[in-house]
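J.: For the protein sequence lines, the chains are A and B, in the order given. The numbering of the first sequence is my numbering, which starts it at 1 and goes up by one. The numbering of the second sequence is my numbering, which starts it at 1001 and goes up by one.
None of these hints come from the bench; they were simulated from the model. In this text, all values refer to a predicted model and were calculated from it rather than measured experimentally. Treat the hints loosely; a few may be bogus.
[To be verified] A few chain A positions that, by computed beta-carbon distances, are all more than 10 Å from chain B:
(1) GLU244
(2) GLY330
(3) ARG335
[Unchecked claim] Beta-carbon label-pair distances, calculated as ranges:
(4) A:ASP179 <-> B:THR1259: 11 to 21 Å
(5) A:ASP179 <-> B:ASN1355: 52 to 62 Å
(6) B:ARG1186 <-> A:ARG186: 46 to 56 Å
(7) A:VAL263 <-> B:GLN1057: 29 to 39 Å
(8) B:GLN1343 <-> A:GLY121: 38 to 48 Å
[As the list claims (entries may be wrong)] Quick look at which bits of chain A chain B covers, simulated, 3 or more residues with Cβ under 8 Å:
(9) 122 to 128
(10) 277 to 290
For each residue, glycine too, the CB sits at the ideal point set by N, CA and C.
Protein chains: 2
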Amino acid sequence: MDPDRVLIFDTTLRDGEQSPGISLNTAEKLEIAHQLARLGVDVIEAGFPIASPGDFQAVQAIAREVHGPVIAGLARAHAADVDRAWEAVRDAERPRIHTFLSTSDIHIEHQLQSTREDVKGQARAAVAHAKALCEDVEFSPMDATRADVEFTAEVLRIAIDEGATTINVPDTVGYTMPDEYVAFLRSLYDLVPGLADVVLSVHCHDDLGLAVANSYAGIQAGARQVECAINGIGERAGNASLEEIVMLLHTRGEAVSLTTDVVTRELARTSRLVSRLTGYVVQPNKAIVGRNAFAHESGIHQDGVLKERSTYEIMDATTVGLDANSLVLGKHSGRHALREALQELGFAVDGQALNTAFKRFKEIADKKKQVSAMDLEALVTDELRDELRAYTLSWFDVEASSRRPPHATVELVTPDGETVRGDFTGDGPVDAIFRAINAATRREARLREFRIDSVTGGQDALGEASVVLEVAGQSAGGQGVSTDIIEAAALAYVRALSNAERRVAAAAASAEEATTADPQLTPTP
Amino acid sequence: MDPDRVLIFDTTLRDGEQSPGISLNTAEKLEIAHQLARLGVDVIEAGFPIASPGDFQAVQAIAREVHGPVIAGLARAHAADVDRAWEAVRDAERPRIHTFLSTSDIHIEHQLQSTREDVKGQARAAVAHAKALCEDVEFSPMDATRADVEFTAEVLRIAIDEGATTINVPDTVGYTMPDEYVAFLRSLYDLVPGLADVVLSVHCHDDLGLAVANSYAGIQAGARQVECAINGIGERAGNASLEEIVMLLHTRGEAVSLTTDVVTRELARTSRLVSRLTGYVVQPNKAIVGRNAFAHESGIHQDGVLKERSTYEIMDATTVGLDANSLVLGKHSGRHALREALQELGFAVDGQALNTAFKRFKEIADKKKQVSAMDLEALVTDELRDELRAYTLSWFDVEASSRRPPHATVELVTPDGETVRGDFTGDGPVDAIFRAINAATRREARLREFRIDSVTGGQDALGEASVVLEVAGQSAGGQGVSTDIIEAAALAYVRALSNAERRVAAAAASAEEATTADPQLTPTP
């Protein structure tokens, strides 16, 4: 491999998807994985196959359908985990098993309730087992940055002896600082001669705001794989943000003489897709992909004053694909124009799917003068969610007034095809419609989060609602898109309810199976 | 000064407030400044007094009313700017004038259209003039990290000779990397012997995700003042995030042996206040203050599995004040209980203000079973906005249905006391009420952004709407809080409209005055 090439390992679908309130179904994960392939990442960590049947199914579908990147599945250092991961990824063009085990005493003692000797044995067995199944094996000593470097080195020597081809050194709790991380990695290079023959990888969390800086420090120390996630999502404060790492290497290319294979023009769209499907908003001041990250997006006035772009911009917004919004359709655009526009956006839509998309497009075009690329993205992404939808919203009526309590009536079709109706007088119109849905479905759903954003600007913007619900201890999210925010909210609520019910059913099913330990409850790197 | 003490210079009200769509009035800026004082920051950069009469007024009010921190005003290196800044801050207990001038050739040539010689002369004159007025003078060579280090050093020697007491080295465009920044600062120490006798300051932007890491690198190189903003807001991708810098030094205190005087328990509340008043959302995975930044906030399941907190948490959520939500009032709570609760939250409310707050509290308590500290914060903050409100919403009626177009009727009172009414049939209920407001006020307002968030969880949560409008080329934001999102949206729209109209009037007024150059259009460090 080119020594100046940095591999981008995307963990949006694994570490990112473990964030609270995110519940992607297989169709959504596939859509993200296809976009990651289009973005040009080197490795997609598609999930944690033993965690649930849904996780397994999604990883397998990605392994079978997504071409280009290596497809990795995560596994604890147990034979059953490794087997399950292999089963999920084996059909990929280039499968990888990623197995992990803590080397910090604090984890060994309190979480694993084990000993260092035992950890060495488990690591050896897991890597050997993985290697017997798959040529490409990655090993991570979890919580390494808080571990004894000598002991971590010992475990890494074992993993490399057993055939690990990538060694990832995670800063699991986001504790390290750049200088410390460099020192730690350099010590590992000194103590583990075999490290020079495998790919060193970094995996940093952002608890102290240093994930990107630590990842970059790791690269300077010799790492050639960076684990990161779109929009920096992930456990707690999240992982290093993929777009920041990539644009740092891209913008400061001449200073660092390192490159990636990422197609930077796809960054903005990937960010929007992930934000939309996860319901995780990107703050306006987020680097690279935030609404205000580029002065020219908003600082219209400044454009006139400044004579030279480079006086205040170090990157061009077109580089990250922020100009993609120029494509515009109107109410007179035909099926052919829609199909071409969708293709340009990377959606291959044909046959019945095109008919559905066209019908939906016409409804929106009747209400909006111009339908932009971002509107189309939102609509098509919205359609993807329908595959598994359990309840369907038939119609609703809402009266809201400052002079009397708001009232809502809804009609729904249940997953069994039954038509049900409910009504409620609430504190607000959204409250009323949510409770009317509860009344119609006879479900005790508890609203945990609710948000509405506009997809594009202007008075006739599409509204995008996100709802997180809790039903019987399971929480799940749902999104809905419409020019009517009450409708968007109701769609989001109905989808969240459907997702939560599937989770409740899955939890009940897996409680019946015997498992070694619930992987849902297991911390990961 | 203690050599291990790092001064925290907060620029939320200056660089942060320059973010697009943020328009804080004087009451809101004062509220933030009081909270920053409670947080224990060392310096508050309160604004850019020459930029507008509103900026001047806010800086002056903060200088007069906020005790504790140094109050700084920004000024370009012109006598008129320095005079105006001094006029605004002179009544502070400890005033500071912060003057700046670019030292990079790209800025000198394209933006200043000047020469190096001229820059030296201007810097000398501005610092000398500031020093004649004020003992505490800060000088910033703008875009220093892209400037010739020898020339920058020459300018800094002049500034120090003329009496500058703090030298701030800004990475204006967010371009530098930690090692480069350290090397640059070390060169300055070598080339400018006097730098050892003044406070070196760092001011980093987050365009490549490195603002915190660069600031920290600067501290390691000898800087003892960090310029930062709450939630990392600011131009483009924003400034270094105050809460991240502070918690980095706090959490890794033993490794870095550096301290700040910040009261970390006030961080979460300060973040919420700034987010609410600016309308800038904090993403869930934002370090320190994001909803998911602490595992225990969401990872309820994990708590049961993990035997030892430190296995996965490097900080305790109580340290940043995330437990403050325990205080709860109900519908039977009296005026006294409300007053005590508000006091505990740091709001000194009495007399008529207490009556208003109590009335508002009772309205909400009638609809919500429990009113939490976060609800109270939102309500009181919402009340603050009313002081300058131009239009008032009297009542509204909205009908929304999936079976016919939504219709809205509103009645408003104009700033002149006239009662006006409007109605509209729109694409959605919010669209209908927004256009009904336009019809009633006969204003052509263009909606640029719209968002609704819930303040707390649960079905009966308060909704918080944010609107950004554009009227006659001026954009302005407004927020509204209610259990009814249509009402919250309408309140936000009416306030945004009022703010925009004030901006239009101010722009028309300042267009009539003769000015050297419009400071609104001038880039700042």
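J.: Now, for every hint given, state plainly whether the structure supports it.
T.: These are the hints, each one checked on the structure:
no.	hint	result
1	GLU244	3 Å, violated
2	GLY330	16 Å, holds
3	ARG335	23 Å, holds
4	A:ASP179 <-> B:THR1259: 11 to 21 Å	19 Å, holds
5	A:ASP179 <-> B:ASN1355: 52 to 62 Å	57 Å, holds
6	B:ARG1186 <-> A:ARG186: 46 to 56 Å	22 Å, violated
7	A:VAL263 <-> B:GLN1057: 29 to 39 Å	49 Å, violated
8	B:GLN1343 <-> A:GLY121: 38 to 48 Å	60 Å, violated
9	122 to 128	violated (count 0)
10	277 to 290	holds (count 10)
Checked against the numbered hints above, the structure breaks hints 1, 6, 7, 8 and 9 and satisfies the rest.
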